[in-house]
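A.B. asks: Line by line, the protein sequences give chains A and B.
Residues 0 to 472 in numbering that gives the first Met the number 0 are what the first sequence spells out, letter by letter.
Residues 0 to 69 in numbering that gives the first Met the number 0 are what the second sequence spells out, letter by letter.
Since the hints were derived computationally from the structure, they do not count as laboratory data.
Any given hint might turn out to be false.
To be verified - DSSO-like cross-link-like pairs, simulated, lysine-lysine; straight-line CA separation at most 27 Å:
1. A:K99 / B:K15
2. A:K374 / B:K45
3. B:K45 / A:K16
4. A:K312 / A:K16
5. A:K99 / A:K312
6. A:K158 / A:K16
7. B:K42 / A:K321
8. A:K321 / A:K16
9. B:K42 / A:K236
10. A:K16 / A:K236
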Amino acid sequence: MDKQVYESQFSTLPVIKSERNLGLLDSSLINIGWGIATWCFLTGGLLALLVDFKTAVIISFVGNTLGVILAALASTIPSAKYGIDTYTSIISFLGKNGMKIILAIFLITNLGWVVVLASMIARSCQNIYEALVGVVAPEWSFPAITIIAVLLTWWSVVKGPSALKIMNRIMVPGLLVVVVIMIISLISKYDLATIVNAKAIDPYDGKLLNIILVFELCLGAGLSWWPGLGALGRLNKTSPSAFWGNVFGLSFACVAMNVLSAAAAYSIGGSDPTTWMIPLGGITLGVIALIFVILANMTSNSYVMYNTCLGLKQFNVFSNRKWIIVSGSFAVPAIIISFFPDFVYGNYQMLLNFCVALFGPLSVLQILDYYVFRKQTINLRSIYNKTNSSDYYYTLGVNWAAVIIFILSIVTYCAILNPVTWESSGIFTMTTASIPSMAVCLVLYYLYGRLVIVPYNIGNVDYYKNVQEIIEE
Amino acid sequence: MKTANIDDVRVELAGKTGLDPVFEELLFERITSIETYGGETAKLSKTDTTFITALVVVCVGLMALCISWI
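All chains, full assembly: derive it from the sequences and hints.
C.D. replies: Listed below in structure tokens is the structure:
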């Protein structure tokens, strides 16, 4: 591999046009490969618990699509234009050290995602073993296989985006075929009318409460992609291929999986896909389906780990380290947590809710900064300038106003909906928690921008005027 | 006034990126290239924006429909 291409893929240097290799088809396939994993099935299972089938279809589409659009406008578009990942792009409105504060939070949430997927791989393997051998798998195999899955993910990340692209070209078409077969099996075994008219399995009291809860889950699912969108966006040849690849793969394909999983949950009564795939498809087909789910999880996990490790390069201690060292630094804590997979696996909805609380306001901040104040123009020199001469140094490397507003938005969310216990305040069913949270962020940062940032040219927001002059010359 | 010139980028950023010299020179080349063309990709087109707006409107409408069923 050419040294320049190697370095641009594995470091935080901008990816220039000649090094980009994704058009709309490849972008869509990679997004599908990233998006379709067990988390889709888990979300579908949660939908089936709380709402009826028709509502599940609509809310899954609405929540996922709005979440992905918001996250993609915020993260994908700047990354596609400048060839930088998400963590690099947010320096423009958070400052260098402000970005590191946020990045530290991402590391924790992404550790959770990696272990969730790895633990689902372990559950799939256990179910395959039980179906083929007829004996319950030993309990120690759950953490053991989880650890092996994390190690295999690390190996694929070390190989880099080219390896991921090849994995997707093989895995995604196979997975889509399996999904179609599952749908046909579902319809042939269970009356379609029964599925369409299925009621919620175990809802809370109050239909509106359940609708708003699943909307928050699906919006969280859509927004949860925000940290990783830049790493893929910067590999696209055009902005539309980057954006629509996100929408096709991370929204539409995931919605289809949510619906399939919800339908299976209504029919068979289990939200865990590793328990219904074999009863639904029979041993042969069910095992094949689980193998593809395992592969899908591996691919998705690889992307999560790859994106996170790109972010680690922002810290001085990792910026000049070899890729295997950087990726290993993330893999080791993931392996440690994998000794306790039940804790993470059993709190999946908490991860989704935290994603809305964190990434909703961040998306709003980034959209305001990039489109409204900076007119879609970033000063790359200041992005990479680590000294206080950078436009984005702010105060001690942090845009404190943005950080404070971000924290206030999270507090707003948690005051309306407790992401840990799901206890909600009285206004939750009227407003959701995400809308007020993002509204607080939008109003406060917009006012701050109009009253302080623009008049005093904080962070050199007038930079776009210089760029216009350069191009016009 | 700034110009898209690698020497200008080098003077402004040399030693300030925290990268080793080999990576830094690669960075200067890339920044110069990106500044010359105003970015590596164009903005979303008006057609894209129209489709995005339509998707959002459809989502809001579906949500309202869903709530009206209660």
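A.B. asks: Compare the structure with each hint and give your call.
C.D. replies: For each hint, the structure was consulted:
1. For a cut-off of 27 Å, the pair hint linking A:K99 to B:K15 stands: about 18 Å separates their Cα positions.
2. A threshold of 27 Å between alpha carbons decides the hint, and for A:K374 with B:K45 the separation of about 16 Å falls inside it, so the pair holds.
3. Only pairs whose Cα atoms come within 27 Å are accepted, and B:K45 paired with A:K16 is accepted, the gap being roughly 23 Å.
4. A C-alpha spacing of about 22 Å is found between A:K312 and A:K16, which places the hinted pair at or below 27 Å, so the restraint holds.
5. A threshold of 27 Å between alpha carbons decides the hint, and for A:K99 with A:K312 the separation of about 11 Å falls inside it, so the pair holds.
6. Proximity of A:K158 to A:K16 is assessed by CA-CA distance (about 22 Å); at most 27 Å being required, the pair is judged to hold.
7. Distance restraint check for B:K42 and A:K321: the Cα-Cα separation of roughly 34 Å exceeds the 27 Å cut-off, and the hinted pair is therefore not satisfied.
8. A C-alpha spacing of about 24 Å is found between A:K321 and A:K16, which places the hinted pair at or below 27 Å, so the restraint holds.
9. For the hint linking B:K42 to A:K236, the alpha-carbon distance of about 12 Å falls within 27 Å, and the restraint holds.
10. For the hint linking A:K16 to A:K236, the alpha-carbon distance of about 7 Å falls within 27 Å, and the restraint holds.
In summary, the one numbered hint that this structure violates is 7.
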